[in-house]
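J.: Protein sequences, first through last, are from chains P and E. Following the working numbering, the numbering of the first sequence begins with 105 at its first residue and continues without gaps. Following the working numbering, the numbering of the second sequence begins with 105 at its first residue and continues without gaps.
No lab work stands behind these hints, which were simulated from the structure alone. No residue lacks a Cβ here, since even glycine has one placed at the ideal position from N, Cα and C. Worth double-checking, as some hints may not be accurate.
[Claimed, not checked] One side of the interface only, derived from the structure: several residues of chain E facing chain P at Cβ under 8 Å:
hint, residue
1, V179
2, A198
3, E213
4, I255
5, V271
6, A275
Chain residues, written in single-letter form:
Number of protein chains: 2
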Amino acid sequence: VLEATLAELVEADFADVRIEQIAARAGVAPSTVYRRWGDLQGIINDLSSELTVSIDLQDTGDLELDLRVVARAVVALRQIPAHRAWLDAMVAEAVRSPQARQTLATAIERRREITAEIVHRAVARGEVPADTDAHEVIRLTVAPLYLRMYITNEPLDGKVADRAAAVAADAARHGLLRLSGAE
Amino acid sequence: VLEATLAELVEADFADVRIEQIAARAGVAPSTVYRRWGDLQGIINDLSSELTVSIDLQDTGDLELDLRVVARAVVALRQIPAHRAWLDAMVAEAVRSPQARQTLATAIERRREITAEIVHRAVARGEVPADTDAHEVIRLTVAPLYLRMYITNEPLDGKVADRAAAVAADAARHGLLRLSGAE
């Protein structure tokens, strides 16, 4: 059912995807889908968990190199039609639906909690201040990528990803991303 | 007609806005609207120009303080229902329509060309390297704000804006935002 939902999302807008089509594609009865997931948002929630656990973190011993892996993963995920369709649908739907907004925010935060480990290790190594805001480091690493994807519609590549990682690592090292704020 | 379009966008989704409703609200004949703008996208294009010229740049003599004005303007615009409605509609529509994508990209780039002046002044003062990528400095200043608006759905405030400005100014000063790339 999750695969069928992704396939539907690749082909149609979120608003046009129907449980009946998903059930037919998955070869199950619509009532089975309704019973287990309730509605499309329920399926998307499950899908979000599936799609967000797949980041292969590395421990290079250097914050910037570790963050490159995170930034490049965002770029790489963009090349996977199913993931791109899911994210496009979520972003468009989040503008109008508080529920979609919540699903998207939760998916992104779950992923950020995993990647924040990179910053905790940099703190342990003494590479960045102890009160560095790990989530803010990750936000800054991915922000230029999402800006290009959804606002400025500019191309994404490894160079853009690496630059974002370099900027975030530098800002963290200089104490600009502390929990207490920028001051 | 532009005001009527904004008012409609505040009340309805982009996909549900009709030229007939806009014309009725503006007190003109639909044919007048079709003749002058062609379609909704044509009106939105004009609207985009109107909405993007209103940034009041300052020359504080300091890159970080100048960028704060830019970042805070993005946050302030978010508080204006008409502007928020326009941007929300554009972002949602850009996911599915190449034409909307182009309109949004052009509007954002036009604004960035105006604000890039801030960076040119910093270059002239010798505050940042001569080959600093002015557009990249502006992108980095606004990226964390758009991330919170459309991806992570986290609150925006002056502190978030000021931190974004501090990070972008710092990265520019350290030569991380040169035209030649991050290396």
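J.: Hint by hint, say whether it matches the structure.
T.: Taking the hints in turn, this is what the structure says about them:
1. V179: Since chain P brings no Cβ nearer than about 14 Å to E:V179, farther than 8 Å, the hint is violated.
2. A198: Cβ of E:A198 sits 7 Å from chain P, so the hint holds.
3. E213: holds (7 Å)
4. I255: With a minimum Cβ separation of about 5 Å from chain P (threshold 8 Å), the hint on E:I255 holds.
5. V271: At 5 Å from the nearest chain P Cβ, E:V271 passes the 8 Å test, so the hint holds.
6. A275: This interface hint holds because 5 Å falls under the 8 Å limit.
In summary, the one numbered hint that this structure violates is 1.
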